[in-house]
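Asker: Below, each chain spelled out in residue letters.
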Amino acid sequence: MPEIILKINGGNYEVKAATTATLAEVLREELGLTGTKMMCNEGECGACTVLINGKPMLSCMTLAIDAQGKDILTIEGLADPVTGQLHPIQKAFVEHSGMQCGVCTPGMILTAKAFLDENPDPTEDDVRHALSGNLCRCGNYRRITECVLDAAEKMRMGEKDEK
Amino acid sequence: MKSEFSVFGKNMIRKDAIEKAKGEVKYIPDIQLPRMLHAKFLRSPHAHAKITSIDTSKAEAMPGVKCVLTHRNVPKVHPLRKFEYLLDETVHYPGEEVAAVAALTPRIAEEALKLIDVKYQALPAVVDPEEAIKPTAPLAQENYGTNIFHGTDLVQIPRLDKDHWLRLEVGDVDMGFSEADQIVEASFGWTPVQYNCSPKPRTVVCEWTGDKLTCWADTQLPLFVWQDMAATLGIPQAKIRVIANGAVGGYGGKMPERVATLAAIMARRTGRPVKAAFSRAEDLIATHHRISYKNFHRVGVKKDGTMTALYHKILAHWGKDTTVPYICQGTGLLGSTMLYGCPNIKGETCGILTNTVGYGPMNGFGDPEVIYTVERLMDMAAEKINMDPVAFRLKNCMRYGNRAMEYEQVLYGPIRWGILGSDLNSFPELIEKCAEKAGWKEKWKGWRTPMASKGPKKTGIGMAIGMHHTSFWPSSAVVKMNQDGSANVLSMAVEMGQGYGTIISQIVAETLGLRYEDVNPTLADTGATPTSRGNVASSGTSSPANSVRLAAEDVRKQLFELAAPRLNAPVDALEAKDGSVRVKGTDRKISIASICFANWQITGRANNPPYDSIKDEKSGQVIHAYAAAASIAEVEVDTETGVVDLLRLTSGHDCGRAINPVLIENQIDLGLVMANGWVRTEKYVIDEKTGVVMNPNLIDYKLSTFLDVPKSEDFQRFYVERPCAWGPFGAKGMSETAMTAVGPAIANAVYNAVGVRIYEGFLSPDNILRAIKKG
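From first to last, the protein sequence lines stand for chains A and B. The working numbering numbers the first residue of the first sequence as 136 and each following residue consecutively. The working numbering numbers the first residue of the second sequence as 336 and each following residue consecutively.
Keep in mind the hints are simulated off the structure, nothing from the lab. Beta carbons are placed, not taken as given, at the ideal position from N, Cα and C, and that holds for glycine. Among the hints, a few may not be true.
[Said to hold, decoys possible] Sample of chain B residues facing chain A (criterion: CB under 8 Å; computed from the structure):
| no. | residue |
| --- | --- |
| 1 | Ser614 |
| 2 | Gln833 |
| 3 | Lys1046 |
[Said to hold, decoys possible] Label-pair ranges, simulated between beta-carbon atoms:
| no. | chain 1 | residue 1 | chain 2 | residue 2 | range |
| --- | --- | --- | --- | --- | --- |
| 4 | B | Thr641 | A | Glu259 | 41 to 51 Å |
| 5 | B | Asp1035 | A | Asn188 | 51 to 61 Å |
| 6 | B | Ser341 | A | Thr154 | 53 to 63 Å |
| 7 | A | Lys295 | B | Arg850 | 32 to 42 Å |
| 8 | A | Glu294 | B | Thr938 | 33 to 43 Å |
| 9 | B | Asp1035 | A | Thr154 | 21 to 31 Å |
[Said to hold, decoys possible] In silico lysine-lysine, DSBU-like type, Cα no more than 35 Å apart, as pairs:
| no. | chain 1 | residue 1 | chain 2 | residue 2 |
| --- | --- | --- | --- | --- |
| 10 | A | Lys226 | B | Lys345 |
| 11 | A | Lys226 | B | Lys772 |
| 12 | B | Lys1046 | A | Lys190 |
Okay, chain A solo, but in the shape it has when bound:
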């Protein structure tokens, strides 16, 4: 099995991975990064979304070897690594109960992050369309939309504060 180097959450990881191994498998089984959750393992639900070079990608549909040399962000890397402070989207999910069973949550949060990074001031409709590839069997769509809009507002205010 070839040895590959993956850059995950800012750190380099050397792993042996079969050429057929998906990124999801390597993250979960080789590296123990089980924050990347799986619902279908066939590219249908969005739960296993990670950000690769800032873009939301399905880790179950991505070969690990193809992710070499790219910046991979998983849910484990979203909170501030020094202070441990949650990302505003995570904070909104915590405060407003954006999750029920929680399986879709990491994928929702990362998809929302990629979206808000590009669209800091979205409408409700924008959010619904941006997240429509992520399934939530607990039907928490309305609450998740509220969380993402709330986080967007907080992030805009945070940026203003910094300026």
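Since the structure of chain A is already known, use the hints to place chain B on it.
Answerer: Then chain B, alone, in the frame of chain A:
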């Protein structure tokens, strides 16, 4: 209303919120143990066949394969009291487990399955339930003699009639119909099968240490998994520890599976832990889904809207078997009798076996499947006497003091009547509020008049009511005080996402005057928590959470007894507040932490009391709790394409008392979204001849997405509070009720839009166009 509570009734942050937002929560599939093997299952391609030979030699010789099981080398036991053996020589649906392989990796196990050579002799099969009840039909279970289920040696159904039907009659139905001015009846198509689609496909991990077994099972019923494994493995429950901490969204479907026992056998034989995780496709093909009913209803009404008689006939399709024989239908019969205060009711039902995947309970447990059609018939009756459907429901809905039946009694004893608690008075309140919030008066233009009409697009509005029981089952809990005055609450019930761990922590904090953050739950572990039945029947709040309240009261009593001499005050002068035991009305207090530090053995325990003890204060009769719902839907139907757009949904629910309002709203949303999928998008397609599932993936089996539900401002949900005599601080279960009224409200709105009644279960474009064409 100013709350007398400090933690109860507040939107406390979920106990599992941070770990879920950070992806740190460990679900059963996330478990990895040293030397763990992975199990995969070979499944029958046939609906009904006898295995004539099975050769596993090549699979066993494959490097990395550690164990292969077939019917020849597993014990001849009936798992879960089923017809068949653990692995059987005869298979009864396409998907049944034929062999199991445990190997070093999931891929090796999958490859090894391909090397197993099975020869089958096909047996006559039956897939269509209406064919199956004909006397000439092939037998789904070849040795059973009939396709109508009536019990086995392992499953006794004492209340069935000689023809194997379950019947229930109250009052005098013939007389009731003779008094009616109008009799309205209709036969509806099969209600849609729905795949519960837990976000995590079924997974178990089994590990032996010495002669003791630990099984991590993704189930909502650890108790039943525990009992079944003990029975099938032939070892005492004391040596088996089932842990369902980390179970995920069951929605009624995460019942025990035989794979737990198979994984345990493979772990025993290999001396290594074994994980058995279904793929999404396996979960779609080989787990129990929502039961399907074909319903006939007849109602008698007077001109003024008074209901005089009701008759229901329910054919229930079970597929190869059901997880809870006749109990779903028992519930359905009651669901159809518990919405309206009609004096004369008759219902009858039978359960039909075929050679398809099994059907059983799912979110609503037998009620949505009958309310979906009853509520359409009620609209037909209201139209017949030209009465507004809201007014019709207000006139007839169940109320406090109406007689009600305890559903378990339908099957297991004489029918016993109690009366409805005052909480069921929420029906009129819910109907009125729902109509007001939806703007019914302005929007309803009368029968056969759509709300609006623009070319081929017609807009319609429809209402329905619903209800579900909230069970008050045996359960127990322990509250364990720690030396620093914090508390752990132990309960065998399961946190699946509904928020159970959060609400019991709120209840303990409220009862003991502790900070919410100083209470933490330990759940769903048969080796560490006192027995409860699990999270089914919307019972979490009414049963195990109530035992938690009583256990916390037991702790409080002990704290008071220890504090009284030190505070030099009688016990009844004390209160627990802000982390201290205080003398009421004074500043004399002693901190709970100091009491616990000195007396660190303080442990409270309690059992939920038996139902019979819950008496109505006025009448002295045993009372029953149900949760009520009312929904109004607005839809736009394109009469050229048959496509329905759900424009607006208003839905109200009764929760007794809200322990955590945000959690309740989330559970309401779950019901609304699930109901929308059930009647509109989630078509489960089975080949009519072979019984094979044609769409076992989440592209072709369509769950509702963000875009299939109305936007926030058009998606109104609310709850009312009428304290329930049973539950903790007046709270009661409401989760499953949430979906019961939504399906029929959408169907009634479609009728209002197009003026043609759709009798089919699935409100798909083809069914709608066909109905419009037929007129």
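Asker: Tell me, which hint numbers fail for this structure?
Answerer: 5, 8
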